[in-house]
Structure formats: C-alpha cells, structure tokens
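2 protein chains.
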Amino acid sequence: MKRITNLTIGTIGVCAATLMIFSASRADQPASLAFVKEIPPGYRDWRLISVAHEEDDLHSFAAVLGNDTAIAAYRAGTLPYPDGTIIAALHYRHAVSDENNKIFGKEQSFVAGTPTNIQFMVKDSKKYAATRGWGFGHFNNDGKPGDEKLMQSCFPCHQREKDRDLVFTKYAP
Amino acid sequence: MKRITNLTIGTIGVCAATLMIFSASRADQPASLAFVKEIPPGYRDWRLISVAHEEDDLHSFAAVLGNDTAIAAYRAGTLPYPDGTIIAALHYRHAVSDENNKIFGKEQSFVAGTPTNIQFMVKDSKKYAATRGWGFGHFNNDGKPGDEKLMQSCFPCHQREKDRDLVFTKYAP
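For the protein sequence lines, the chains are A and B, in the order given.
Here the first sequence is numbered in our numbering, starting from 1 and rising by one per residue.
Here the second sequence is numbered in our numbering, starting from 1 and rising by one per residue.
If you are wondering where the hints come from, they were derived from the structure by calculation, not from laboratory data.
Quick caveat, the model's predicted, so the values are computed rather than measured.
Check the hints yourself; a few may be wrong.
In this list, chains with the same sequence are indistinguishable; a pair is considered to hold if it fits within one copy or across any two.
Straight line, CA to CA, 30 Å or less: simulated DSSO-like cross-link-like pairs of lysine-lysine [as the list claims (entries may be wrong)]: (1) Lys170 x Lys144; (2) Lys162 x Lys127; (3) Lys144 x Lys126; (4) Lys162 x Lys149; (5) Lys149 x Lys102; (6) Lys170 x Lys149.
Same shape as in the complex, but just chain A (with noise of 0.2 Å):
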C-alpha cells in the first residue's frame, strides 16, 4: 500500500482530529481497547457501499467498501451487522480536477486526489467485545496503523449512531 500523506478523517471510521471533540469519559472508554492490527486482505476488490466527503478543514473524499459479509447485509437490511463483516474507507485529498474543468469550461471538477489513510471497521463480537462487536482499524499511506490516541477516538464517536449498530455510511443503490 503506497500512500503518502497523513490525514484521518473517516466516515466509516471517524477516528478523526476534528473528532477529538469526543473526548470520552471513562465509562464510554474502556481503558484498553483492542484495535485492527493488520489490514485486511483483498480490500481494494471489494464493492461498493458508498461514497462520501467530509469538507471544513479535511477535504477527504472517500470510497466505502465492503466485504461480501458486508455487502449481503447491507442489501438484507440485516442488524446488527453479523461476523465477519469488514468496511473499509478508502480516503484520499478531495481535489479539484484543473485538468477536467479546462475541458468543462468551469470551476466544478473534483476527483480522488493523494491517497491518506485507509480505516476499517471489522464485526468480531467476542474479540471487540467491549466496543460492541466492532474493532476500528486505521492504517496511513505507507501502511503504518495510527497512533494509540487516534484510534481511542473512534468508538466514542461511532458509538452515537446506535440505530445501525454504529454505521456511519448508508447503502446507495
């Protein structure tokens, strides 16, 4: 995996600075969480959940995708997602296309610029047992995971969307 830069806006993974703003308290933090180590095999074949974009100071454009676990239970409308299940975003700079906007004629193009990072999300009810099911896993561009205060970022925050057993990112058909 060659990516190069820093970033860490997620959509699937929100384990994001801006997401500091969740400063778990100790009941919401178990004080050790086990996180995704090793990052998933095949990934890059998977289909697509969705896209998504996070702007303010991010410009992170992303690809959802999932594992066929993944895939059949967003398609069954299955919850909570059962094991097995893996999600993964693909970010990248959310950048403007000087190339495609010559050719339209306006400002308007933007495309998967440099690649950031890559989070994960994998359902493992008992390995993750005390983020409920769910290990989070974050690995920047040149493979390496990200640090122990990134990665305690991301259950608290993904915590709240409790109704799709902590899914941020929706099925688009």
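Take the given structure of chain A and dock chain B to it, following the hints.
Coordinates of chain B only, in the frame set by chain A:
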C-alpha cells in the same frame, strides 16, 4: 433500478447539460451515432475505479466502477482500452448529511443523496467505430435512456481526452 430524479452530469460520460457548450461541428459529430441501449447487467457488483464530484449547479456525486476487463486495463495501464471494457458512473446528489453533522458537531459531511442516473462507456471497436470505439449510455433513475440531444453531447466532449482514450476518470489506488 429505482432512481428518481433526472440529473445528468457524469464523470466518465460527461453527457451533461452544462456540457452542451460543446456544440460540436459536423466534422466532430457524425450524423448518426450508436448509443448503449441496454443497462449492462451486474454493474452494481463491479469494482471501484474512483470517486468523483461535480459542483457548479450540479451537486453531483459519483462512484465510478469497472467490469473485470476495465479493472485489468486500468491496473495494467493498457491503452487503448480493449474491447469488452465497460465503465459505469453511478450518480447521486451530493447531499449534506445533517445526521453526520449533528454527531460531528460541524458542518462538514456530504454523502450520496438521491440517485440520479447511471452512465456507461462500452468499448466495442466495430460497433462504435464512429465514436472511436466507445459507445455511450445514459439511464435515468427510472431506467429510461437519455434523449438524443443529451446523447449527442457525449462524444464531442470525451474526444478531448485524447491521451487517455477518451476516459476522464483515473484509477484511485
């Protein structure tokens, strides 16, 4: 395919209202063109090429997918794209997510809104010889194809992307 509205901007098929600015000369635009008449089956299961976003008055959000031939060609850097390549751009409204913003505490989040249309580029060097081997397709959310005027706008714009065999979208790693 249940898709409701009738917006038209594309990233692969830039067969869009705003692109009528490319009112082609007779030299550019053959009098009778063959278009893609049927929606290619299984496109929603294809793999990701990239994401795209068109603003100005469009507010369009896209996931660009490719069939196996397309993905193989993209990854190998094969140009021109071989016969059998199909590229699909699934378009949605670029929608504010009030739900996410409420959780994030900031006005920052955009998601795939109402589905609008799907556009296809199909490579068949014989069938679509008049348009450099590409057949263009546009299907509104109700499954109906784009009208003649819209379809006539595809090739004159795409042919300006000569260095990448008329394809705008680049592969996102």
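Consistency of the hints with the structure:
When the C-alpha separation of Lys170 and Lys144 is checked against a cutoff of 30 Å, the pair qualifies both within a copy, at 28 Å, and between copies, at 26 Å. Taking CA atoms no more than 30 Å apart as the test, Lys162 paired with Lys127 passes inside one copy only; the shortest distance there is 20 Å, against 52 Å between copies. Within a single copy, Lys144 and Lys126 get their C-alpha atoms as close as 25 Å, which meets the 30 Å cut-off; across copies the closest is 48 Å, which misses it. In the homo-oligomer, the alpha carbons of Lys162 and Lys149 lie at most 30 Å apart inside one protomer (23 Å), although the nearest pairing across protomers, at 47 Å, exceeds that limit.
When the C-alpha separation of Lys149 and Lys102 is checked against a cutoff of 30 Å, the pair qualifies only between copies, where the shortest distance is 23 Å, while the shortest distance within a copy is 42 Å. Proximity of Lys170 to Lys149 under the C-alpha cut-off of 30 Å is restricted to the intra-copy arrangement: shortest distance 27 Å within a copy versus 34 Å between copies.
Going through the hint list in order, the structure satisfies each hint without exception.
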